[in-house]
Amino acid sequence: MDATARTERRTAGRTRRILKDRLRTIAPFATLVFLVAFFGIASPSFLSFANLQNVLQQISITGIMAVGLTFVILCAEIDLSVAAIANVAGVVIAFFTVQDSSVNIANIPLSGGWAILLGFAASFLLGGVNAAATTMIGLPSFITTLAMLEIGAGICAVLVRGQIAYAVPPLIQTLGSGSIGPVPWIAVMAALVMLISHLVLRYTRFGRYVYMVGGNREAAEYSGVNVRWIVNSVLIISAVCSGFAGMLGVAHFGSAQQNEFDNYLLDSIAAVVVGGTSLFGGSGGIGETIIGLLVLGVLNNGLDHVSIDSFVKILIRGLILLAALIINIYAQRLRESGAAA
Amino acid sequence: MEGEQPKPLLELRGISKSFGGVAALREVDFTLSEGEIHGLVGENGAGKSTLMKIIAGVHAAYQGRMQLAGRPVSFTSARDARDAGIGMVHQELSLVPQLTVAENVFLGAQPLTRFGTVDWPRMRREAARELESLGIEADPAAILGTLPLGLQQLIELARVLFSGARIIILDEPTSALSPPEIERLFSLLRRLRESGRSIIFISHFLDDVLQISDSVTVFRNGRRIAHAAVPTIDKAWLIENMIGRDHGELADSYVNRVELRGRPETDVALEVEGLSLTGAFSDISFRLHSGEVLGIYGFMGSGQLELAKSLFGRRPAERGTLRLAGRPVRLSSTSRARRAGLAFVPESRRSMLFAQEPVYKNVSIAILDHIHRFMLRPARERTIAHARIGDLGIRPPSAEIRLGALSGGNQQKVALAKWLTRQPLVLILSEPTRGMDVGAKEDVVRIIRKVRDEGIGVIVISTEPETVLSLADRILVMKKGAMTREFAAQWVGKDELLAAA
Chain A
1 MDATARTERR TAGRTRRILK DRLRTIAPFA TLVFLVAFFG IASPSFLSFA NLQNVLQQIS
61 ITGIMAVGLT FVILCAEIDL SVAAIANVAG VVIAFFTVQD SSVNIANIPL SGGWAILLGF
121 AASFLLGGVN AAATTMIGLP SFITTLAMLE IGAGICAVLV RGQIAYAVPP LIQTLGSGSI
181 GPVPWIAVMA ALVMLISHLV LRYTRFGRYV YMVGGNREAA EYSGVNVRWI VNSVLIISAV
241 CSGFAGMLGV AHFGSAQQNE FDNYLLDSIA AVVVGGTSLF GGSGGIGETI IGLLVLGVLN
301 NGLDHVSIDS FVKILIRGLI LLAALIINIY AQRLRESGAA A
Chain B
1 MEGEQPKPLL ELRGISKSFG GVAALREVDF TLSEGEIHGL VGENGAGKST LMKIIAGVHA
61 AYQGRMQLAG RPVSFTSARD ARDAGIGMVH QELSLVPQLT VAENVFLGAQ PLTRFGTVDW
121 PRMRREAARE LESLGIEADP AAILGTLPLG LQQLIELARV LFSGARIIIL DEPTSALSPP
181 EIERLFSLLR RLRESGRSII FISHFLDDVL QISDSVTVFR NGRRIAHAAV PTIDKAWLIE
241 NMIGRDHGEL ADSYVNRVEL RGRPETDVAL EVEGLSLTGA FSDISFRLHS GEVLGIYGFM
301 GSGQLELAKS LFGRRPAERG TLRLAGRPVR LSSTSRARRA GLAFVPESRR SMLFAQEPVY
361 KNVSIAILDH IHRFMLRPAR ERTIAHARIG DLGIRPPSAE IRLGALSGGN QQKVALAKWL
421 TRQPLVLILS EPTRGMDVGA KEDVVRIIRK VRDEGIGVIV ISTEPETVLS LADRILVMKK
481 GAMTREFAAQ WVGKDELLAA A
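Line by line, the protein sequences are chains A and B.
The opening residue of the first sequence carries number 1 in the working numbering; numbering runs sequentially from there.
The opening residue of the second sequence carries number 1 in the working numbering; numbering runs sequentially from there.
Derived by calculation from the structure, the hints in this document are not laboratory data.
Some hints here could point you the wrong way.
Here are the computed distance ranges between Cβ atoms for each label pair [claimed, not checked]:
(1) Leu334(A) / Thr383(B): 27 to 33 Å
(2) Pro109(A) / Ser276(B): 58 to 64 Å
(3) Val22(B) / Leu139(A): 25 to 31 Å
(4) Phe142(A) / Ala499(B): 49 to 55 Å
On the chain A side, residues computed to face chain B include the following (Cβ under 7 Å) [stated by the list, open to error]:
(5) Arg205
(6) Gly215
(7) Asn216
(8) Tyr222
(9) Ser223
(10) Asp304
So these bits of chain B aren't anywhere near chain A, every CB distance computed over 10 Å [said to hold, decoys possible]:
(11) Glu181
(12) Met375
(13) Pro397
The beta carbon of each residue, even a glycine, is placed where N, CA and C say it ideally should be.
Throw the hints in and build the complete structure from the sequences for me.
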């Protein structure tokens, strides 16, 4: 009797501990299930196949940026320049593509392959600047990437000078706005980036270092891990992902212009954090980011279906983000108290 | 004192406390008299801290009775205990280094003007008076963080006294202090005793305990094992009661003199010449042979901890050369140092381990690149971790358990474990046994000796003479950033080390 009671108590204790450990991942998932159920009941059109396609398409660009950001946040750094770098890459490929004669930009047309290459090179370079300022000069990434946000916007402004370009290389055009069968190419690209990133984080040495550097940078340093190299890498990965997202985004929207992705900065950070990746680094991953993306995607899309005042929509999104942040910090505290005991 | 029975100020009877089914204290009695300095010794986990936390109101749930000045008390919070006149000075000071001395003395209780703003002149005046009355020479306007650690500690003591404490609990107050600082602390404690205050003095430094205490209580496994007046006991008696078995290998570190083995007839593993780093150390030269434990001793702030970090590439030296096994190396980063064959365990556990991660990831972190160039091989990592857990006797023997759940001693073993799979040429250990209980210390001493016997050159860096004496074959003493003396192949005692430092 006594023994059973004790076993029960122990099982209950273990369940509680698992719940505590997983709070950060369980809460977003529960939110997602709740939102899907809610919108499914509230609006018959929400759960249609066409709408599902919509949701996927809507979250793909944010998704690719958020994947890059996941690396950065896992390392306990931040990248505020993702949207700006996306904009630069998008503008760069348009700048190096033949535009319609009505477009008044002093562009330099190159073949599609070169334009894409230059788009990637630009994002890589800007990511490299972020990395160098952060690890070599020692500026906090928050500051470095804030400056890069402005620099990126500046580069776009100089290249397009208030004009709008429309044409991008055919390959990017297909990947950004075409589809294979019912599946949009852009969603396939996002899935591919997510899959590769997940594999890198889970199964490679580099991925382990990312988690360890985020978990305890000092300890990683004292274990002979090249912390500087890891931080450099995640900032460059983030920039290249953003650049890719920006190129596809330009094709998706059918235009390249200034400030095109400004809304995406907050959305991508929100996706990572809402999903449950720790803001303090060291825990989380691509799986979490996908859940976060779906929560935001479903929320954005669902609110359109239930005809709510669009101003209230913004408020609701803000409240959801706040709740996610609170859970994130609270989960961190539980984890720390658990580790100390 | 003879003849008259001193009045008991604080009395605890039959105190028991357990955490999740594990008994931390069993039926403990404890009496503190008025105007007494009461030493408290025991291994880590013996129950000292738990008892002190009960007295200081941190643990409210326990069995047993507590009486303060004859009246039963039961504190529900640390604030309760403070209001009743019980103050605690923790090992990690709870002061704000960025504020001035005066602000720290008044922390949380600043005098206010009529308008509700801080009355700065009065605060400085009263702080100055308070410090002067305690014989603490510190400028109330100085920024606390710029003062030596010993002085900061006295200021924390002043703060506790100022808040009206009659009973003061000091947790390891001497571990970071130089002998003159310890002397200053002790004379202040004696003065407080004369003014009728009672002091509980917790320490691993048995000499210090014997020097300052009127009586000593020994704890072991949650029980009060013995209590005696100081003149009637000695160090051997304390150790015997603390560990309750034969002293074994550790006796070395407690007895006063040891014989150093001296330099072995082996190759030079590490040759350091003219190493300098501004503000830390200058012109350091020495040779480390393989299969030798070289102790580097010095007081806090003598530059030896910085030297260790510098050797491992964390804060590269500005001048000087390093040769590893005869080859010149430039160690500009820790990853380079690791690949060159150096290994380092820093003094603070927090900065060497990943508390949230399982043991096996903590063990494998330094050798992932040797397991596979790009990929992870978790099965291999676990096999390696299990091997190390076996070698080093890590408890509990699980590779999956989160590191933070291990005891301090076992965490230290994990920190060693990560360097022992691929043997380094040189292993640098900073404060390898600090804050550990006797049993865990003994294990670490045994591991270090084994590593040495396998032909690794080991450098042990410490501010505790006992640590260096118990481990080293040869000892270098550092003082104000310079090497001042070498002890090799001779008998040496703590007093000589202290004198050289």
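Hints broken by the structure, by number, lowest first? 3, 10, 12
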